[in-house]
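Asks: Sequence:
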Amino acid sequence: MSGKNRAFADGLTAAISGVTGRQGQSRPNRSIINDRTNRLAEVASGKVVTRTHEFIDPARCKMWEGHNRDYAALSYENCRELIESIRAQGRQEVPAIVRRLTNNPDFDFEVICGARRHWSVSWLNANNYRDIKFLVEPREMEDEEAFRIADLENRAREDLTDYERAKDYLLGLDRYYHGRQKTMADRLNVSEAWLSRYLDLARLPEAVTRAFVSPHDIRLKHVMQIKPLIKESASREVVYEAAERIAALRSKDQNYLVEPAAVARELENAVATELGHLRRGSARSPKRGAVAITRDTDGKEIVKIDAKSPKRLQVTFMLAELRSREEMEEAVKLLTDRYWPVQE
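In the UniProt record's numbering, the protein residues as written are 1 to 344.
No lab work stands behind these hints, which were simulated from the structure alone.
Check the hints yourself; a few may be wrong.
Lysine-lysine pairs mimicking DSS-like chemistry, simulated, CA-CA at most 30 Å apart [claimed, not checked]: (1) Lys304 <-> Lys221; (2) Lys231 <-> Lys133; (3) Lys167 <-> Lys182; (4) Lys221 <-> Lys62; (5) Lys167 <-> Lys221; (6) Lys231 <-> Lys182; (7) Lys300 <-> Lys182; (8) Lys304 <-> Lys231; (9) Lys227 <-> Lys133; (10) Lys333 <-> Lys227; (11) Lys333 <-> Lys304; (12) Lys167 <-> Lys62; (13) Lys300 <-> Lys221; (14) Lys304 <-> Lys227; (15) Lys231 <-> Lys333; (16) Lys227 <-> Lys167; (17) Lys182 <-> Lys333; (18) Lys133 <-> Lys304; (19) Lys227 <-> Lys252; (20) Lys221 <-> Lys231; (21) Lys252 <-> Lys221; (22) Lys300 <-> Lys333; (23) Lys252 <-> Lys300; (24) Lys182 <-> Lys227; (25) Lys333 <-> Lys252; (26) Lys133 <-> Lys182; (27) Lys133 <-> Lys333; (28) Lys167 <-> Lys333.
Model the full assembly from the supplied sequences, consistent with the hints where possible.
Replies: In structure tokens form, the structure reads like this:
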């Protein structure tokens, strides 16, 4: 190639890779343009999700009716740590998830996740911190999706009681899943046995829960102790009478049986004593004769327990009914919780 042609080719290459503009500035490099194009394509495809956050007045928000938090139970005492954190930072760091409302003159949003954050910011606004706003992430979603998102966010939170979660699950079972426990478990990505325990807690009658200082004190392990006691009418009446007696005594002495584990044991002992299943002086002994542990979802017998004597327990696992390792582990847990409850 001649020197003149080579110079022409070099100039053409330079023109393609970076052309000087009218003001003497280089146009963006093609690789930069490609990066931006790829980024937009990822957002459009759903691989990358962009979220919009807003700082708003908490007074313009209301709780979603399907919210799993007992908002009325919130107080400065149980929100103190969060309040102090927001006050120290000068702002709320983690946004609450909300939905926009239309045609509502009183509220602009409803809170799907973030009741404690809303309460804490509202408290700060009412106590000389009007400059702190409520940080939210507005989303569009149907009620069933909102239920699942709220459950997923709050499932690992220790400040949400078993009772709050249980009541939320029971409400959601009928409202979103037409009473189909298996469908609900699949949508929440949990086992039926795990979900069943929460539903048992939510279904405890008031005649039982009144024995506790608050229903919020009742945990799943206590339900495991109480549920067998109220399955049969004879023992159920004993439990109801014992719960009423405990509540009456506590009305006179607020320090009487305040620990939930102690309440559960007292109900258990009342039944055992009344029906003659406890030997005098023993804290707990197995019932004589054969009893069965059944699967809550279909009533199938999965474990058979034969108490041959106070010191001998014969256990038979129904392998044909135990369809997975998870169900086997659940059966073992039911057995141990029945005879060796966790002491608090």
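Asks: Return the numbers of the hints above that this structure violates; sort them in rising order.
Replies: Numbers 2, 4, 9, 18, 23, 25, 26, 27 - these are the hints that the structure violates, sorted from lowest upward.
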